[in-house]
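All chains should be modelled from the sequences, with the hints used to inform the complete structure.
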Amino acid sequence: MPALSPTMETGTIVSWLKKEGDTIEPGDALCEIETDKATLTLDTDEQGVLAKIVIPPGTKNVKVNELIALIVEEGEDYTKVVVPVTGNCVVIPFDVAPPHSAGTSDEAEDEAQSSATPHKGSLLSFSPAVRYMLETNKIDSSAIPATGPHGRLLKGDILRFLAQGGMTPATPSPGTFTDVPNTEMRREIAKRLLKSKTTIPHVYASTDCVMDNLLQLKSHLKERGLTVSVNDLLVKVAAVCLRKVPEMNAVWNGKEIEYLKDIDLAVDVATDVGIITPVIRNAAYLDLSQISLVAHDIATRARDNKLHEHEFHGGSLTLSNLGMFGVTEFSAIINPLQASILAVGATRLSVSTDGQLQNVITVKLSCDARVVDNELASRWLETFKLGIENPALAGL
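Residue numbers for the sequence shown follow this note's numbering, beginning at 12 and rising by one.
Everything labelled a hint here was simulated from the structure, so no lab data went into it. Careful, some of the hints might be misleading.
Stated by the list, open to error - Calculated cross-link-like contacts (lysine-lysine; reagent style DSSO-like; alpha-carbon spacing at most 30 Å):
#	residue 1	residue 2
1	K91	K202
2	K255	K396
3	K206	K74
4	K71	K206
5	K272	K255
6	K375	K202
7	K149	K74
8	K375	K208
9	K255	K266
10	K375	K266
11	K202	K266
12	K317	K272
13	K91	K149
14	K91	K29
15	K255	K71
16	K396	K375
17	K91	K63
18	K396	K208
19	K255	K229
20	K229	K266
21	K229	K202
22	K206	K233
23	K206	K375
24	K266	K206
25	K233	K396
26	K63	K74
27	K266	K208
28	K255	K375
29	K229	K396
30	K233	K202
31	K255	K202
Unchecked claim - Computed beta-carbon distance windows for the label pairs:
#	residue 1	residue 2	range
32	G337	E146	37 to 45 Å
33	L237	S217	24 to 32 Å
34	R163	V362	55 to 63 Å
35	D190	T147	20 to 28 Å
36	D283	N76	31 to 39 Å
As the structure is a computational prediction, the values presented were derived from the model and not from experiment. Beta carbons: idealized from backbone N, C-alpha and C, even for Gly.
Okay, here's the thing in C-alpha coordinates:
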(Lines of atoms letter the chains of each structure in order from A; the text may use other names.)
(Lines give C-alpha, C1' and ligand atoms only; values in the text may rest on other atoms or scores of the structure.)
Protein backbone atom coordinates (compact mmCIF):
# COMPACT_ATOMS: atom_id res chain seq x y z
CA MET A 12 0.00 0.00 0.00
CA PRO A 13 1.66 3.22 -1.11
CA ALA A 14 1.38 6.54 0.73
CA LEU A 15 -0.64 8.60 -1.75
CA SER A 16 -0.77 11.72 0.44
CA PRO A 17 1.56 13.21 3.07
CA THR A 18 -0.86 12.42 5.90
CA MET A 19 -1.99 8.98 4.70
CA GLU A 20 -1.53 6.17 7.22
CA THR A 21 -4.17 3.70 5.97
CA GLY A 22 -6.23 3.29 2.82
CA THR A 23 -9.20 1.38 1.43
CA ILE A 24 -8.97 -0.83 -1.65
CA VAL A 25 -12.07 0.30 -3.52
CA SER A 26 -11.68 -1.94 -6.55
CA TRP A 27 -9.10 -3.85 -8.58
CA LEU A 28 -8.86 -2.76 -12.22
CA LYS A 29 -6.72 -5.77 -13.15
CA LYS A 30 -7.36 -9.41 -12.35
CA GLU A 31 -4.96 -12.19 -11.51
CA GLY A 32 -3.16 -13.39 -14.62
CA ASP A 33 -3.43 -10.05 -16.44
CA THR A 34 -0.31 -8.71 -18.11
CA ILE A 35 0.63 -5.25 -16.84
CA GLU A 36 2.83 -2.54 -18.28
CA PRO A 37 4.32 0.56 -16.61
CA GLY A 38 1.59 3.20 -16.34
CA ASP A 39 -1.31 0.72 -16.20
CA ALA A 40 -4.05 1.47 -13.66
CA LEU A 41 -3.85 -1.33 -11.11
CA CYS A 42 -6.51 -0.48 -8.54
CA GLU A 43 -8.49 2.32 -6.94
CA ILE A 44 -7.50 3.40 -3.42
CA GLU A 45 -9.50 5.65 -1.11
CA THR A 46 -7.20 7.78 1.05
CA ASP A 47 -7.82 10.38 3.74
CA LYS A 48 -8.04 12.96 0.94
CA ALA A 49 -9.70 11.37 -2.10
CA THR A 50 -10.15 8.23 -4.18
CA LEU A 51 -7.08 7.80 -6.41
CA THR A 52 -5.93 5.37 -9.06
CA LEU A 53 -2.72 3.46 -8.35
CA ASP A 54 -0.63 3.28 -11.53
CA THR A 55 2.06 0.63 -11.57
CA ASP A 56 5.64 1.14 -12.70
CA GLU A 57 6.14 -2.61 -13.00
CA GLN A 58 6.13 -4.85 -16.06
CA GLY A 59 4.99 -8.42 -15.68
CA VAL A 60 1.93 -10.40 -14.62
CA LEU A 61 -0.42 -9.72 -11.71
CA ALA A 62 0.06 -13.01 -9.91
CA LYS A 63 -1.87 -12.61 -6.68
CA ILE A 64 -4.31 -10.07 -5.24
CA VAL A 65 -3.58 -10.20 -1.51
CA ILE A 66 -6.06 -7.56 -0.32
CA PRO A 67 -9.57 -7.98 -1.79
CA PRO A 68 -11.70 -5.00 -2.89
CA GLY A 69 -13.65 -3.26 -0.14
CA THR A 70 -10.98 -3.88 2.50
CA LYS A 71 -10.65 -0.87 4.79
CA ASN A 72 -7.81 0.43 6.98
CA VAL A 73 -5.01 -1.21 5.01
CA LYS A 74 -1.78 0.14 6.49
CA VAL A 75 0.77 1.96 4.34
CA ASN A 76 3.52 -0.47 3.16
CA GLU A 77 1.28 -3.49 3.77
CA LEU A 78 1.45 -6.07 0.97
CA ILE A 79 -1.59 -5.77 -1.33
CA ALA A 80 -0.53 -7.76 -4.43
CA LEU A 81 2.24 -9.84 -5.97
CA ILE A 82 3.67 -9.36 -9.45
CA VAL A 83 5.95 -11.80 -11.29
CA GLU A 84 8.06 -11.52 -14.39
CA GLU A 85 6.53 -12.51 -17.72
CA GLY A 86 7.12 -16.19 -18.36
CA GLU A 87 6.98 -17.20 -14.71
CA ASP A 88 4.10 -19.43 -13.59
CA TYR A 89 1.94 -17.00 -11.63
CA THR A 90 -0.37 -19.77 -10.42
CA LYS A 91 2.36 -21.13 -8.13
CA VAL A 92 2.77 -17.88 -6.23
CA VAL A 93 1.74 -17.91 -2.58
CA VAL A 94 1.48 -14.98 -0.19
CA PRO A 95 4.83 -14.58 1.63
CA VAL A 96 5.17 -14.25 5.36
CA THR A 97 5.21 -10.57 6.33
CA GLY A 98 8.52 -9.07 7.29
CA ASN A 99 11.18 -6.61 6.29
CA CYS A 100 13.02 -9.02 4.01
CA VAL A 101 11.92 -10.63 0.77
CA VAL A 102 10.51 -14.11 1.45
CA ILE A 103 10.62 -16.87 -1.15
CA PRO A 104 7.02 -17.05 -2.46
CA PHE A 105 7.49 -20.36 -4.25
CA ASP A 106 10.16 -22.89 -5.12
CA VAL A 107 12.01 -21.15 -7.92
CA ALA A 108 14.48 -24.00 -8.41
CA PRO A 109 12.62 -26.72 -10.39
CA PRO A 110 13.21 -30.33 -9.29
CA HIS A 111 15.43 -32.53 -11.43
CA SER A 112 13.56 -34.74 -13.84
CA ALA A 113 14.61 -38.29 -14.55
CA GLY A 114 16.01 -37.30 -17.92
CA THR A 115 18.17 -34.45 -16.65
CA SER A 116 21.85 -35.22 -16.81
CA ASP A 117 24.61 -33.73 -14.71
CA GLU A 118 26.14 -32.33 -17.89
CA ALA A 119 22.91 -30.47 -18.77
CA GLU A 120 22.74 -29.05 -15.26
CA ASP A 121 26.33 -27.87 -15.49
CA GLU A 122 25.58 -26.26 -18.85
CA ALA A 123 22.57 -24.45 -17.42
CA GLN A 124 24.60 -23.21 -14.50
CA SER A 125 27.38 -21.95 -16.72
CA SER A 126 24.93 -20.02 -18.93
CA ALA A 127 23.93 -17.88 -15.95
CA THR A 128 26.61 -15.29 -15.37
CA PRO A 129 26.91 -12.84 -12.48
CA HIS A 130 25.29 -9.50 -13.30
CA LYS A 131 27.10 -6.23 -12.88
CA GLY A 132 25.41 -2.85 -13.14
CA SER A 133 24.15 0.18 -11.28
CA LEU A 134 20.85 0.11 -9.40
CA LEU A 135 19.35 2.46 -11.98
CA SER A 136 19.71 -0.22 -14.67
CA PHE A 137 17.37 -2.63 -12.86
CA SER A 138 13.58 -2.83 -12.85
CA PRO A 139 11.87 -1.23 -9.81
CA ALA A 140 11.10 -4.64 -8.29
CA VAL A 141 14.65 -5.93 -8.68
CA ARG A 142 16.07 -2.67 -7.37
CA TYR A 143 13.80 -2.83 -4.32
CA MET A 144 14.80 -6.43 -3.55
CA LEU A 145 18.51 -5.62 -3.85
CA GLU A 146 18.24 -2.57 -1.61
CA THR A 147 15.96 -4.23 0.96
CA ASN A 148 18.15 -7.32 1.34
CA LYS A 149 21.44 -5.39 0.94
CA ILE A 150 22.65 -7.72 -1.80
CA ASP A 151 25.56 -7.09 -4.16
CA SER A 152 24.08 -7.67 -7.63
CA SER A 153 27.42 -8.83 -9.07
CA ALA A 154 27.21 -11.98 -6.93
CA ILE A 155 23.91 -13.13 -8.49
CA PRO A 156 23.84 -15.15 -11.75
CA ALA A 157 21.46 -13.42 -14.20
CA THR A 158 19.32 -15.63 -16.43
CA GLY A 159 17.16 -13.04 -18.16
CA PRO A 160 17.41 -11.99 -21.82
CA HIS A 161 20.69 -10.25 -22.66
CA GLY A 162 21.98 -10.92 -19.16
CA ARG A 163 19.06 -9.18 -17.47
CA LEU A 164 18.74 -9.76 -13.72
CA LEU A 165 15.26 -11.06 -12.83
CA LYS A 166 13.38 -11.25 -9.58
CA GLY A 167 13.52 -15.02 -9.86
CA ASP A 168 17.32 -14.83 -9.92
CA ILE A 169 17.32 -12.98 -6.60
CA LEU A 170 14.77 -15.34 -5.05
CA ARG A 171 16.84 -18.33 -6.15
CA PHE A 172 19.96 -16.70 -4.72
CA LEU A 173 18.23 -16.16 -1.38
CA ALA A 174 16.80 -19.66 -1.35
CA GLN A 175 20.30 -21.06 -1.75
CA GLY A 176 21.47 -19.11 1.29
CA GLY A 177 23.36 -16.42 -0.59
CA MET A 178 23.59 -13.07 1.17
CA THR A 179 26.49 -10.94 -0.03
CA PRO A 180 26.39 -7.54 1.63
CA ALA A 181 26.24 -4.70 -0.87
CA THR A 182 29.01 -2.14 -0.85
CA PRO A 183 27.65 0.81 1.12
CA SER A 184 27.30 3.96 -0.92
CA PRO A 185 28.91 7.11 0.42
CA GLY A 186 26.67 9.38 2.46
CA THR A 187 25.15 12.32 0.57
CA PHE A 188 23.74 14.22 3.53
CA THR A 189 24.55 15.37 7.04
CA ASP A 190 22.11 15.30 9.95
CA VAL A 191 22.09 18.55 11.90
CA PRO A 192 20.30 18.31 15.28
CA ASN A 193 17.57 20.93 15.71
CA THR A 194 17.76 23.46 18.49
CA GLU A 195 14.81 23.71 20.86
CA MET A 196 13.76 26.97 19.17
CA ARG A 197 13.98 25.43 15.68
CA ARG A 198 11.81 22.51 16.81
CA GLU A 199 9.25 24.89 18.31
CA ILE A 200 9.13 26.99 15.13
CA ALA A 201 8.61 23.85 13.04
CA LYS A 202 5.89 22.61 15.39
CA ARG A 203 4.00 25.91 15.36
CA LEU A 204 4.14 26.35 11.58
CA LEU A 205 3.06 22.76 10.95
CA LYS A 206 0.11 23.23 13.29
CA SER A 207 -0.82 26.48 11.57
CA LYS A 208 -0.68 25.08 8.05
CA THR A 209 -2.63 21.94 8.93
CA THR A 210 -5.28 23.45 11.23
CA ILE A 211 -5.88 26.97 9.88
CA PRO A 212 -7.84 27.18 6.59
CA HIS A 213 -5.60 29.50 4.55
CA VAL A 214 -7.05 31.72 1.81
CA TYR A 215 -4.97 34.04 -0.34
CA ALA A 216 -5.32 37.36 -2.17
CA SER A 217 -2.68 39.45 -3.91
CA THR A 218 -2.26 42.80 -5.65
CA ASP A 219 0.42 45.01 -7.17
CA CYS A 220 1.28 48.38 -5.62
CA VAL A 221 3.07 51.24 -7.36
CA MET A 222 5.89 52.36 -5.04
CA ASP A 223 7.00 55.60 -6.71
CA ASN A 224 5.30 58.01 -4.27
CA LEU A 225 6.41 56.02 -1.22
CA LEU A 226 10.02 55.89 -2.44
CA GLN A 227 9.89 59.62 -3.13
CA LEU A 228 8.65 60.20 0.43
CA LYS A 229 11.52 58.09 1.76
CA SER A 230 14.01 60.29 -0.12
CA HIS A 231 12.40 63.50 1.18
CA LEU A 232 12.53 62.21 4.76
CA LYS A 233 16.22 61.40 4.37
CA GLU A 234 16.89 64.94 3.11
CA ARG A 235 15.23 66.22 6.29
CA GLY A 236 17.45 64.03 8.47
CA LEU A 237 15.10 61.08 9.07
CA THR A 238 16.40 57.77 7.69
CA VAL A 239 13.75 55.07 7.52
CA SER A 240 13.59 51.80 5.63
CA VAL A 241 10.96 50.72 3.14
CA ASN A 242 9.89 48.14 5.71
CA ASP A 243 9.27 50.88 8.29
CA LEU A 244 6.96 52.62 5.81
CA LEU A 245 5.14 49.35 5.04
CA VAL A 246 4.63 48.70 8.76
CA LYS A 247 3.07 52.12 9.21
CA VAL A 248 0.75 51.74 6.21
CA ALA A 249 -0.33 48.22 7.25
CA ALA A 250 -1.06 49.33 10.82
CA VAL A 251 -3.09 52.37 9.67
CA CYS A 252 -5.08 50.08 7.36
CA LEU A 253 -5.96 47.85 10.33
CA ARG A 254 -7.36 50.95 12.02
CA LYS A 255 -9.32 51.92 8.90
CA VAL A 256 -10.65 48.37 8.41
CA PRO A 257 -11.14 47.25 12.03
CA GLU A 258 -12.77 43.94 11.01
CA MET A 259 -9.29 42.80 9.94
CA ASN A 260 -7.88 43.37 13.43
CA ALA A 261 -9.30 40.11 14.71
CA VAL A 262 -8.27 36.54 15.58
CA TRP A 263 -9.91 33.15 16.05
CA ASN A 264 -10.01 32.24 19.75
CA GLY A 265 -10.93 28.60 19.20
CA LYS A 266 -14.69 29.08 19.17
CA GLU A 267 -15.44 32.45 17.59
CA ILE A 268 -13.97 35.64 16.15
CA GLU A 269 -12.35 37.94 18.70
CA TYR A 270 -11.89 41.60 17.71
CA LEU A 271 -8.82 43.31 19.16
CA LYS A 272 -8.76 46.83 20.55
CA ASP A 273 -5.00 47.42 20.31
CA ILE A 274 -3.38 47.60 16.89
CA ASP A 275 -0.21 45.58 17.34
CA LEU A 276 1.67 44.36 14.29
CA ALA A 277 4.26 41.55 14.13
CA VAL A 278 7.27 41.62 11.81
CA ASP A 279 9.32 38.68 10.55
CA VAL A 280 12.97 38.75 11.67
CA ALA A 281 15.49 36.28 10.23
CA THR A 282 17.88 34.80 12.81
CA ASP A 283 20.44 32.00 12.82
CA VAL A 284 17.84 29.58 14.19
CA GLY A 285 14.96 30.59 11.95
CA ILE A 286 12.41 33.34 11.42
CA ILE A 287 10.76 34.76 14.54
CA THR A 288 8.00 37.37 14.81
CA PRO A 289 8.31 40.02 17.53
CA VAL A 290 5.45 42.52 17.85
CA ILE A 291 5.44 46.32 17.48
CA ARG A 292 2.88 47.63 19.98
CA ASN A 293 0.33 50.32 18.96
CA ALA A 294 1.97 50.57 15.54
CA ALA A 295 -0.86 52.63 14.04
CA TYR A 296 -0.26 55.45 16.55
CA LEU A 297 3.54 55.59 16.32
CA ASP A 298 5.22 58.05 13.97
CA LEU A 299 7.84 56.88 11.48
CA SER A 300 10.81 57.72 13.68
CA GLN A 301 9.33 55.70 16.55
CA ILE A 302 8.54 52.75 14.29
CA SER A 303 12.08 52.84 12.92
CA LEU A 304 13.61 52.84 16.41
CA VAL A 305 11.35 50.06 17.72
CA ALA A 306 11.81 47.90 14.62
CA HIS A 307 15.61 48.23 14.79
CA ASP A 308 15.63 47.48 18.51
CA ILE A 309 13.51 44.32 18.36
CA ALA A 310 15.38 43.04 15.29
CA THR A 311 18.74 43.50 17.02
CA ARG A 312 17.62 41.83 20.24
CA ALA A 313 15.94 39.04 18.28
CA ARG A 314 19.22 38.17 16.55
CA ASP A 315 21.00 38.31 19.91
CA ASN A 316 18.33 36.09 21.49
CA LYS A 317 17.47 38.77 24.05
CA LEU A 318 13.73 39.20 23.45
CA HIS A 319 11.25 38.57 26.24
CA GLU A 320 8.37 36.12 25.92
CA HIS A 321 5.66 38.81 25.95
CA GLU A 322 7.26 40.50 22.92
CA PHE A 323 6.12 37.61 20.71
CA HIS A 324 2.48 37.72 21.78
CA GLY A 325 -0.40 39.73 20.38
CA GLY A 326 -1.47 41.25 17.11
CA SER A 327 -3.64 39.95 14.32
CA LEU A 328 -1.28 40.44 11.36
CA THR A 329 2.38 39.85 10.53
CA LEU A 330 4.42 41.66 7.88
CA SER A 331 6.89 39.36 6.09
CA ASN A 332 9.21 41.12 3.64
CA LEU A 333 11.60 39.14 1.41
CA GLY A 334 12.15 41.99 -1.00
CA MET A 335 15.74 42.49 0.14
CA PHE A 336 16.50 38.96 -1.12
CA GLY A 337 15.14 39.63 -4.60
CA VAL A 338 12.03 37.47 -4.13
CA THR A 339 9.25 39.02 -6.22
CA GLU A 340 6.29 37.07 -4.83
CA PHE A 341 5.61 34.36 -2.23
CA SER A 342 2.92 32.93 0.03
CA ALA A 343 3.49 32.97 3.80
CA ILE A 344 2.12 30.73 6.56
CA ILE A 345 -0.07 32.45 9.14
CA ASN A 346 1.53 32.65 12.57
CA PRO A 347 -0.42 30.73 15.24
CA LEU A 348 -2.88 32.86 17.26
CA GLN A 349 -3.04 35.41 14.44
CA ALA A 350 -5.41 35.63 11.47
CA SER A 351 -3.33 37.01 8.59
CA ILE A 352 0.15 37.62 7.24
CA LEU A 353 1.22 39.96 4.44
CA ALA A 354 4.01 38.70 2.17
CA VAL A 355 5.92 41.52 0.45
CA GLY A 356 8.10 40.98 -2.61
CA ALA A 357 10.97 42.95 -4.13
CA THR A 358 10.53 46.24 -5.96
CA ARG A 359 10.70 45.78 -9.71
CA LEU A 360 10.33 48.00 -12.76
CA SER A 361 7.08 47.81 -14.71
CA VAL A 362 5.52 49.74 -17.57
CA SER A 363 2.38 51.72 -16.74
CA THR A 364 -0.68 51.98 -18.99
CA ASP A 365 0.65 55.30 -20.36
CA GLY A 366 4.01 53.76 -21.24
CA GLN A 367 5.99 55.12 -18.27
CA LEU A 368 8.37 53.08 -16.13
CA GLN A 369 7.26 52.65 -12.53
CA ASN A 370 8.41 50.81 -9.41
CA VAL A 371 6.01 48.03 -8.39
CA ILE A 372 5.80 45.44 -5.62
CA THR A 373 3.54 42.42 -5.32
CA VAL A 374 1.95 41.77 -1.93
CA LYS A 375 0.08 38.58 -1.07
CA LEU A 376 -2.24 38.31 1.93
CA SER A 377 -2.71 34.92 3.63
CA CYS A 378 -5.83 34.87 5.84
CA ASP A 379 -7.62 32.55 8.23
CA ALA A 380 -10.89 31.91 6.38
CA ARG A 381 -12.72 31.55 9.70
CA VAL A 382 -11.95 35.21 10.44
CA VAL A 383 -11.33 36.94 7.10
CA ASP A 384 -13.47 36.14 4.07
CA ASN A 385 -12.60 37.03 0.49
CA GLU A 386 -14.54 40.31 0.54
CA LEU A 387 -12.83 41.54 3.69
CA ALA A 388 -9.39 40.50 2.44
CA SER A 389 -9.97 42.35 -0.84
CA ARG A 390 -11.22 45.45 0.95
CA TRP A 391 -8.19 45.58 3.24
CA LEU A 392 -5.78 45.00 0.34
CA GLU A 393 -7.44 47.81 -1.61
CA THR A 394 -6.99 50.12 1.38
CA PHE A 395 -3.34 49.05 1.71
CA LYS A 396 -2.72 49.65 -2.00
CA LEU A 397 -4.21 53.16 -1.74
CA GLY A 398 -2.00 53.90 1.27
CA ILE A 399 1.15 52.77 -0.55
CA GLU A 400 0.37 54.72 -3.72
CA ASN A 401 -0.91 57.80 -1.84
CA PRO A 402 1.09 58.02 1.41
CA ALA A 403 -0.89 61.04 2.61
CA LEU A 404 -3.98 58.82 2.94
CA ALA A 405 -2.03 56.71 5.44
CA GLY A 406 -1.01 59.78 7.44
CA LEU A 407 2.56 59.78 6.12
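A quick look at each hint next to the structure:
Restraint check for K91 and K202: the C-alpha separation of about 50 Å exceeds 30 Å, so the hint is violated. Pair hint K255 plus K396 holds up; C-alpha atoms about 13 Å apart against a cutoff of 30 Å. Taking the CA atoms of K206 and K74, the gap is about 24 Å. The hint holds against a cut of 30 Å. At roughly 28 Å between alpha-carbon atoms, K71 and K206 fall within 30 Å of each other, so this suggested pair holds.
Annotation: proposed proximity of K272 to K255 holds, straight-line Cα distance about 13 Å (limit 30 Å). Taking the CA atoms of K375 and K202, the gap is near 24 Å; set against the 30 Å cutoff, the hint holds. A threshold of 30 Å between alpha carbons decides the hint, and for K149 with K74 the separation of about 25 Å falls inside it, so the pair holds. Between K375 and K208 the alpha-carbon distance is near 16 Å, which keeps this suggested pair within the 30 Å criterion.
Taking the CA atoms of K255 and K266, the gap is near 26 Å; set against the 30 Å cutoff, the hint holds. Under the criterion of a C-alpha separation no larger than 30 Å, the hint pairing K375 with K266 is consistent with the structure, at around 27 Å. Pair hint K202 plus K266 holds up; C-alpha atoms about 22 Å apart against a cutoff of 30 Å. About 28 Å separates the Cα atoms of K317 and K272, which keeps this hinted pair within 30 Å; it holds.
About 26 Å separates the Cα atoms of K91 and K149, which keeps this hinted pair within 30 Å; it holds. At most 30 Å may separate the alpha-carbon atoms for a hinted pair to count; K91 and K29 meet this at roughly 19 Å. With a C-alpha separation of about 53 Å, the suggested pair K255 and K71 falls outside the 30 Å cut-off, and the hint is violated. For the proposed pair K396 and K375, the alpha carbon gap of about 11 Å is at most 30 Å, so the pair holds.
For the proposed pair K91 and K63, the alpha carbon gap of about 10 Å is at most 30 Å, so the pair holds. For the hint linking K396 to K208, the alpha-carbon distance of about 27 Å falls within 30 Å, and the restraint holds. A hinted pair counts as satisfied when its Cα atoms are at most 30 Å apart, and K255 with K229 qualifies at roughly 23 Å. Simply put, K229 and K266 have alpha-carbon atoms about 43 Å apart, too far for the 30 Å limit, and the pair is violated.
With a CA separation close to 38 Å, the supplied pair K229 and K202 exceeds the 30 Å bound. Between the alpha carbons of K206 and K233 the distance comes to roughly 42 Å, so the proposed pair goes past 30 Å and is violated. Our distance criterion of 30 Å between C-alpha atoms is met by K206 and K375, whose separation comes to about 21 Å. About 17 Å separates the Cα atoms of K266 and K206, which keeps this hinted pair within 30 Å; it holds.
Proximity of K233 to K396 is assessed by CA-CA distance (about 23 Å); at most 30 Å being required, the pair is judged to hold. Proposed proximity of K63 and K74 is supported: the alpha carbons are some 18 Å apart, at most 30 Å. A hinted pair counts as satisfied when its Cα atoms are at most 30 Å apart, and K266 with K208 qualifies at roughly 18 Å. Distance check on the hinted pair: K255 and K375 sit about 19 Å apart at the alpha-carbon level, within 30 Å; holds.
Annotation: proposed proximity of K229 to K396 holds, straight-line Cα distance about 17 Å (limit 30 Å). Taking the CA atoms of K233 and K202, the gap is about 42 Å. The hint is violated against a cut of 30 Å. Proposed proximity of K255 and K202 is contradicted: the alpha carbons are some 34 Å apart, above 30 Å. At about 41 Å, the beta-carbon gap between G337 and E146 stays in the expected band of 37 to 45 Å.
Checked against the hint of 24 to 32 Å, the C-beta distance between L237 and S217 comes to roughly 31 Å, which is consistent with it. R163 and V362 have their C-beta atoms about 59 Å apart, which keeps the hinted 55 to 63 Å range intact. At about 22 Å, the CB distance of D190 to T147 agrees with the hint of 20 to 28 Å. The hinted window of 31 to 39 Å between D283 and N76 holds, with their beta carbons roughly 38 Å apart.
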